[in-house]
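Asker: One line per chain: the protein sequences are A and B, in this order.
The first sequence begins at 1 in UniProt numbering and counts up one residue at a time.
The second sequence begins at 1 in UniProt numbering and counts up one residue at a time.
Quick caveat, the hints were computed from the structure, so don't treat them as lab data.
By construction, the Cβ of each residue, glycine as well, lies at the ideal position given by its N, Cα and C atoms.
Possibly wrong hints are sitting among the right ones.
The following label-pair restraints were derived from C-beta to C-beta distances [unchecked claim]:
1) A/I462 to B/S54: 58 to 64 Å
2) A/H212 to B/S54: 53 to 59 Å
3) B/E128 to A/Q362: 32 to 38 Å
4) A/D740 to B/K119: 50 to 56 Å
5) A/V737 to B/A60: 31 to 37 Å
6) A/D345 to B/R133: 38 to 44 Å
Listed next, the in silico EDC-like pairs over lysine to aspartate or glutamate satisfying Cα-Cα at most 20 Å (straight line) [claimed, not checked]:
7) B/K134 to A/E460
8) A/K459 to B/E57
9) A/K410 to A/E327
10) B/K83 to A/E327
11) A/K430 to A/E291
12) A/K684 to A/E605
13) B/K85 to A/D488
14) A/K687 to A/E421
15) A/K717 to B/E57
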Amino acid sequence: MSDSPDHTKGVKRSSSMEDDGNGTKDSKRVKTNGKAKMDNYNPYLAHQYEDSQNDFQSPLDALERHKTTVKQASKAEDSDLNPWTNQPHSQQYFKILQTRRDLPVQKQRQEFLDMYHSSQILVFVGETGSGKTTQIPQYVLYDELPHKTGKLIACTQPRRVAAMSVAQRVANELDVELGEEVGYSIRFENKTGPKTLLKYMTDGQLLREAMHDHEMSRYSCIILDEAHERTLATDILMALLKQIADRRKDLKIIVMSATLDAQKFQTYFFGAPLLAVPGRTHPVEIFYTPEPERDYVEASVRTVLQIHATEPEGDILLFLTGEEEIEDACRRINLEVDDMIRESDAGPMKVYPLYGTLPPAQQQRIFDKAPEPLRKGGRPGRKCIVATNIAETSLTIDGIVYVVDPGFSKQKIYNPRSRVESLLVSPISKASAQQRAGRAGRTRPGKCFRLYTEKAFKKELIEQTYPEILRSNLANTVLELKKLGVEDLVHFDLMDPPAPETMMRALEELNYLACLDDDGELTRLGSLASEFPLDPALAVMLISSPEFYCSNEMLSITSLLSVPQIFVRPNNARKRADEMKQQFAHPDGDHLTLLNAYHAFKGAEQSGQDAKQWCHEHFLSFRHLSSADNVRAQLRRIMETHDIELVSTPFQDKNYYTNIRRALLAGFFMQVAMRESSNSKVYKTVKDDQLVMIHPSTVVSSPYDWVVYNEFVLTTKQYVRTVTNIRPEWLLEIAPVYYDVDTFEKGEIKSALTRVTEKVKRRQTLKGNSGR
Amino acid sequence: MSRANQPDSDDDDDEDDYMKMTFADAPATTMPETSLQRRQREKREAEIRGRVKSKAELAAEEEAKRETALSKSLLADPAVAKKSKGLAMMAKMGFTGGALGSKDSAHTARTEPIKIFVKDGREGIGLESERKRKLREAAEAAGEAAKKVKVDESEYRERMRREREEARHEKQLHAAQKVAEMMDEEKGIAPSVVAHDTAEKQSPPPPPPPGDQDKTTGEATSVDKKRPSSSRPLKSIPVIYRGLVRSREEAERNRRMRHDLEQSSSSGGGGLLARLPTFEDPEEDADDRKALGKTAAITYVTADDLDDEDEELNAFSALDAAEKLRHVVLYLREKHKYCFWCKFAYLDAEMDGCPGVEEEDHD
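Sequences and hints are given; from them, build the entire structure.
Answerer: The structure is reproduced here in structure tokens:
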């Protein structure tokens, strides 16, 4: 295929591709180049051209950065030799190449390149299935030729899983090893190397990198994928890149979106040109209910069964809001289908749940084939996937023909007034509903059943889902922005600026945490805290833990709080699970219980037991404990880098647990609640005056008067989750500024704190007197 | 002690303005409490605390607190805004109110946080608003209907016309019924009834003789005399004019009762009410009654079955006047070969010469 007669020689040369960049050693590549550069050749400098002495000819040599054509790129792709590794292409590579060439984006590759060459910023719209996420970065790769410039190409993804799986896919497509030429970088995991040219990463990860490289100088091109999802990090990145683009004219930016509201992106990026690629989609017929539904779960189950009974072959995708609801629906559908098979000769149907906390192996099952008919010539089987909105954009499941959409999803929402950040079931947006419907048209014309009226669709659904930046606590973001060198947060040019109150709370919280001084400048503590990929409260807690002689323990607790819940509580064994949890329970609280469980896990591991089996027996998640272990190692490295001591109080010391409880307050003193009255189960949050209960998952049985909590959640009730008992004196001692009694509004908490202050003072006076 | 109290008192002075709305529990410790006061306060507080709130109360309180917090802008509350270091930092960056962001987005950017709606239950989208809409529509429809009655002039005319027509039919019916009765009488259908009725009609009861005693006995005898006649079955009368007979009977009964009343009232003692035939004076014992001649129960039995339910008649009465009239007209034609409209009794059943059954036919 290649016109290079001696490519086999090139195989020997496996390293130092960078040298190709200087373009002066092309003397023997007349054929590939088409134009001789002989005149540049200096035989006396031959030792510098060591590589070219091997008569090596890379398929990429003919290409000139920002001047390539599809023809050139295709030629390089078609060559027997992999231009990135200089290894021969595998058979598999050419097979994949064929399918890649059939993707919708391929048809517009030249158009894309022309636009890319002529503009610094480009907005690219491609519906799901167009191949944009895998192909566009590769098109850029063949144009940017990063091995010549030494500058990488970054492609951001909102989700860790997507970053990992897409990187793997693209590595396969390019016939390279994952982590070498193509890699990924996500929080707590970096799979890139010195050879990496194309890097998939979470948007948050790129933001973290930018904290130390304000110009993003490592990159020649940054691709923001799935920008329509409007994650917090993507929004911040867009605002930053808008600034950087002005300073760095050599930096190319591509904003990729799956929805057609790209105009907003164009306007935001100084009227950047737009390229739209149609997806490979089929028409989807949309049905509405004539009347609003009384119970949307019940209605969805009914609709699924109706489809199964009356509609021709094709898989079903049902959108629900959360684990509990999904499991409930799956159970009900399974029961009914059994009846249908018995009574009316219906085909078999496999029902698969899909939600974020499901173990990956079970998540993988959604890609299983639909079941065969029960007997030869019988009615065809189908599968039904009951999923949260992760199936809305991020996952592509082929074979879906019917979509059932009740119109709800769980959405994070934060309100600075009560400082509660919660996941609440809310109606989706019109854009979301269209996205869901589109899922039915991936393989052939499909149908979407909306469990609401057309009128409700038009009148009750908002146009676009609120971007995350409007729904989040911004403490972490503000700290990052400060570290990124953004001075004027008020006029920072975000696409959708948050409410002023949200900003005000964030600054205030950072000030109380001593990360910002009263002038809004980053303190040393703040600067250090921003080094940790953690919320400011957790970071500050970790940084101050040596003062409490328990940094090892706080490191463990921080890691455990950074992973999903480690305690497993399966529906069919709740009681036994609770009994097992009780074994680890510490009467003083959930943080200490987490620590006990972790220590037991490590103990089991070290004693040579099968950790997986041990976890299973003790109703602990091996997966989450392992990732906590990994997180711990990462954080430990950061601590060591910044000379934060790792110390422990001896376990026999009676202050072992007390020190830990006190250390918690160093970061979480703003998350404290006081019991309303002596026989009440109701607590009142300090300063925000919200009534809360302790989440039923707690191990705390005796009702303490004061607790510190990890999170404040609002479902249908207000709960504080993961709580530990503390003493009010500690508050005055550890966070005297926040607990300055003068700043409190009159009420029970103020009087309680006043009493404590007096008690402390009395005791001190007493001590002073006796000392005299 | 006194030094510890100092900041508290300052604080009270400072925040007096904003504090007026909050309840003044936890008395400020500026004034030393006497032990008695303290005991009382503690008792009071313990009582309040001691009461276990119900779940509903708690939920309501929780929600109320949340709503209060959510509805109150942190910027609008001067107490919060003044103290907020966050706001001070923002002011330093040039924040003067309004939205954040660049000038370009100033008109679209949010000034308020996104509202929180807690959804409990599994109602589908649009159910709540649909419910509200239906209520509203029902209310509107009711209002509109009320308006329509007032406004619609043609309907008023139509109703008036119908009422006039009804009245005319009623008159014609009455006439037709009388004719039918008379003709039946002549032909001898239900002779006894008709005979008696006619007799009764023609000869009202003789004026009772003067004197209480006489009157009563006289009445009694007169009733006695009539008894056989009044026991004749109303139901034997053809339904088409039974109503006529019945109302005549009722009128007769009322007339006689009124007559009795007038007679007795003139004799004084106890007034009109006390003289009602059914009146029983609780002070009277059996002897009194005997003495007053009340022993024989005064009964007014014009027709025994006057008070009975007559389903056949009820069904007939339920018809509207025009329909009743038609029935009577047909009855006359059938039984007497008489056309109510021609006012002519034909000789043969064909009633040759009569243009038809309806009034219109005779125009």
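Asker: With reference to the structure, classify each hint as holding or not holding.
Answerer: A quick look at each hint next to the structure:
no.	hint	in the structure
1	A/I462 to B/S54: 58 to 64 Å	violated (37 Å)
2	A/H212 to B/S54: 53 to 59 Å	holds (56 Å)
3	B/E128 to A/Q362: 32 to 38 Å	holds (36 Å)
4	A/D740 to B/K119: 50 to 56 Å	violated (39 Å)
5	A/V737 to B/A60: 31 to 37 Å	holds (35 Å)
6	A/D345 to B/R133: 38 to 44 Å	holds (43 Å)
7	B/K134 to A/E460	holds (16 Å)
8	A/K459 to B/E57	violated (35 Å)
9	A/K410 to A/E327	holds (15 Å)
10	B/K83 to A/E327	violated (48 Å)
11	A/K430 to A/E291	holds (19 Å)
12	A/K684 to A/E605	violated (41 Å)
13	B/K85 to A/D488	holds (16 Å)
14	A/K687 to A/E421	holds (16 Å)
15	A/K717 to B/E57	holds (13 Å)
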